[in-house]
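Chains A and B are the protein sequences, given in the same order.
Numbering of the first sequence is given in this note's numbering, commencing with residue 324 and proceeding in unit increments.
Numbering of the second sequence is given in this note's numbering, commencing with residue 2 and proceeding in unit increments.
Simulated from the structure, these hints should not be mistaken for lab results.
Footprint (simulated), chain B over chain A, 3 or more residues, beta carbon under 8 Å:
1. 376 to 390
2. 397 to 409
3. 553 to 566
4. 584 to 595
5. 653 to 663
Please read all numbers here as calculations on a predicted model, not as lab measurements.
Virtual Cβ for every residue (Gly too), placed ideally from N, Cα, C.
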Amino acid sequence: MDWLYMYMPIAGVNIFWPGLVLIGFSVGVIGGFFGMGGAWMVTPGLNILGFPMAFAIGTDMAHIAGKSMISTMRHAKFGNVDYKLGFIMVLGTFIGIECGAQLVMYLERLGRIDAVVRYVYVLFLALIAFMVFYDYAKAVKKKKAGAVEGERGTEGITWYKAFHKLNIPPMVHFKTAGFTCSAWLPAGVSFLTGVLAGFLGIGGGLFRMPALVYLIGCPTHIAVGTDLFEVMISGLYGAFTFSLKGRIELVAVFVMLTGAAIGAQIGTVATKYAKGYGIRVAFGIAVICCMISIILKQFGFSNSSAVLILTTIGLMCVYISAIMFKGAAAELREKKAAKQASHPLS
Amino acid sequence: MRNLVKRALGLVVGIGLCLPHLAWASGEAATNLVVVADTRRVSGVLKYIANVYNTDPWLFAVWAVVITAVWGAILGFLMDFIMERSGLDLKSRKILEH
Chain A
324 MDWLYMYMPI AGVNIFWPGL VLIGFSVGVI GGFFGMGGAW MVTPGLNILG
374 FPMAFAIGTD MAHIAGKSMI STMRHAKFGN VDYKLGFIMV LGTFIGIECG
424 AQLVMYLERL GRIDAVVRYV YVLFLALIAF MVFYDYAKAV KKKKAGAVEG
474 ERGTEGITWY KAFHKLNIPP MVHFKTAGFT CSAWLPAGVS FLTGVLAGFL
524 GIGGGLFRMP ALVYLIGCPT HIAVGTDLFE VMISGLYGAF TFSLKGRIEL
574 VAVFVMLTGA AIGAQIGTVA TKYAKGYGIR VAFGIAVICC MISIILKQFG
624 FSNSSAVLIL TTIGLMCVYI SAIMFKGAAA ELREKKAAKQ ASHPLS
Chain B
2 MRNLVKRALG LVVGIGLCLP HLAWASGEAA TNLVVVADTR RVSGVLKYIA
52 NVYNTDPWLF AVWAVVITAV WGAILGFLMD FIMERSGLDL KSRKILEH
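Bound-form chain B, shown alone (with noise of 0.2 Å):
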C-alpha cells in the first residue's frame, strides 16, 4: 500500500509539474480580455453598480466585499434568530470520530 501511495503521489507531482507547459505550448499570447457592463438593460441600484463596475474598479471592489459582508451578517442574524426559537441545544456537541 505505501509503494501505492508513493507511485500516486509521484503521477501527481508529475502531471502538475507539466500543466504550466502544457499550457504555455498550446496557447498563443493574448491582449488583457476588458469587460464592459451593459447599463442599458438595467435600472437603480443595478445600474448604479453596472456604473461603478464600467469607471472605478477599486470603489466595485470595496462595494463588493462591503456588500457580501453585510448581506451575509443580515442572513447569519435573522437566521440565528429562527433556529433559537426551534428548542435545539445550539451550543454544545459531543465529538466523536467514530
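With the rest of the complex left out, here is chain A (with noise of 0.2 Å):
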C-alpha cells in the first residue's frame, strides 16, 4: 500500500494522500457553507495526518486561499460579498496576521507553540459556540413571543445596533450589505480578528463570520461571501508570511485544493437553499465538536480526537449535500414544470 502516501520533502515525512483529498473536499464543502477556510479543521486534520504544528499552521494557510479564491468566485455570482466592506477589512487583516503569526514563531522557540496553540483554539471555540446558541434561543424566545424587528425579522443578539451609533468619521455606507457604520469598526474588528487568524494559522473566518454578523451586522449570507473574500486575501498574504519563515508544504497544498475545488461548489450553491439561523446553528454544533475533538488531543486521546473530528467533518458534509442536492433537485424541477406550462405541446 505504499502507493497510497506520498513523500513531502520539507516536512520530511510520508502522508496517506488520499488523506489530504478528502480533508480538502471536505473543508471546501464545510468552508463554502459557513463562509471560512475550514482552517479551524484542517490544522488538527494535517496534524493528525503526520504534520508538524507549524507545518500544519502554514500549509493551512495556503489551501485556504486557494479554496476561497474558488469559493468566492461562486459567492460574488450570488451577490454574496461586499467588496468595500471586504476592501475595508483587508488592511487590519493584514496587520493582525503579521503580529499573530510573530507570536507563533515567538512561541516556537519557547518550545510551548503546540500546547499554547490548543489551549487559544479551545478558548476561542467555547466563545463562538456560546454565542451562536444563546443568540438563537434568544431569537426563538423573541420569535414565540411575536416580536418582529425590521426587514431582518426576528434576531437574538443585536449588539451591532449600538456600534452601528458610533459616530466616528468616516462614515460608510455599504450597499450591498445594507448598512452605514464608522470605517473603524470593520477595521477595528479585523484586526482583532487577525491577530487571532496569524496566530492560530486560520484564514481568521471563524472568527470574522460571526464578528460580521453580531458585531458589524452584516446578514448572513453577505457575512459568509464577505467572509470568503477576505479569507482568500488574508489567505495569501500567511501563506507568503509563513512561506517566508519556511512553515510550509506545498505538495500537500496542491492535492488539498483539487479536493476542495468540488467540495467548494457543494458548500457555496447549498448557501442558495439555507436559511441564515439554518447555517449559524449547524455552525456552532461543528465549532464545538471540534472544541472537544481538541480537547481529547491535548489529553492524550488522539485516536478518539480523530475520530470525532473526522465524523464531525462526514456529518457536516452529508448535511451540507443534502441541502445542496435536494435544493438544486427542487429547482430543476419547478423549472421544468414551469417550461412545461409554457410550452404544453413540446
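Join the two chains into one complex using the hints; note that each chain is given alone, in its own frame.
Below, the structure is given as C-alpha cells:
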C-alpha cells in the first residue's frame, strides 16, 4: 500500500494522500457553506495525518487561500460579496495576521507552540459556540413572543445596533450589506480577528464570520461571501509570510486544493437553499465538536480526537450536500414544470 | 442570563491573559528551528521547489503565493464552467434569516 503514501520533501514525512484529498473536499464543502477557510478543521486534521504543528498551520494558510478563491468566485455571482466592506477589512487583517504570526514564531522558540495553540483554539471555540446558541435561543424566544424587528425578521443578538451608533468619521455606507457605520468598526474588528488568524494559522473566518454578523451587522449570507473574499486575501498573505518562515508544504497544498475545488461548489451553492439561522446553528454544532476533539488530543486521546473530528467533518458534509442536492433537485423540477406549462405541446 | 454572559467573558479574558505567562514559565528559551528540505528522494519540479526552499526563502515565498493563486483560479474557472451546465440559477438567491 506504499502508493497511498506521498513523500513531503520539506516537512520530511510520508503522508496518506487520499486523506489530504478528503480533507480538502470536506473543508471545501464546509468552508463554502459557513464562509470561512475551514482551517480550524484542517490544522488538527493535518496534525493528525502526521504534519508537525507549525507545518500544519503554514500549509493550511496556503490551502485556504486557494480554496477561498474558488468559493468567492461562486459567492460573487450570487451577489453575496460586499467588496467595499472586504477591502476596508483587508488592512486590519494584514497587520493583525503579521502580529499573530510573530507570536507563533516566538512560541516556537519557547518550545511550547503545540499546547498554547490548542488552548487558545479551545478558548475561542467555546466562546463562539456559546454566542451562537445564545443568539439562537434568544431569537426563538423573541419569535415565540411575537416580536418582529425590521426587515431581517426576529434576531437574537443585536450588538451591532449599538456599534452602528458610533459616530466616528469616516462613516461609510455598504450597499450590498445594507447598512452604514464608521469605517473604524470593520477595521478594528478585522485587526483583532487577524491577530487570532495569524496565531492559530487560519484565515480568520472562524472569528470574522460571527463578528461580521454580531458586531458589524451583516446578513448571514453576505457575511459568508464577504468573509470568504477576506479569507482569500488574508490566506494569500498568510501563505507568503509562513513560506518566508519556511513552514509550508506546497505539495500538500496542491493535493488538497484538487479536492477542495469540488467541495467548494457544493458548500457555496447550498447557501442558496439554506436559511441564515440554519447556517448559524450548524456552524455552532461543528464548532463544539471541533473543540471537544482538540481537548481530547490535548489529554492524549489522539485516536478518539481523530475519530470525532473525522466524524464531524463527514456528517457536516453529508448535511450540507443534502441541502444542496435537495434544493437543486427542487429547483430543476420547478424549472421543468414551468417550461412544460409555457410550452404544453412540446 | 446577562450575568452569565458577563461571567463567561470574564473567565475567557482571565484565561487569555494567563496563557503567555504559562508558556513563558513552562519552557526554556531555544534557538530558531532550521528546517532543510530533503532533495535526495524527489525529482523534477519537486526537486526544484525543495532546492528553492533550501536556498532562497524569498523566491520560495513568491512561488508559494503565485502557484497557490494560479492553481486556485484554474480550478475555480474549471468548476465554474462545469457548474454553468447544471441548469441551476447561479446568479440570484433569496436572503432568509429565519
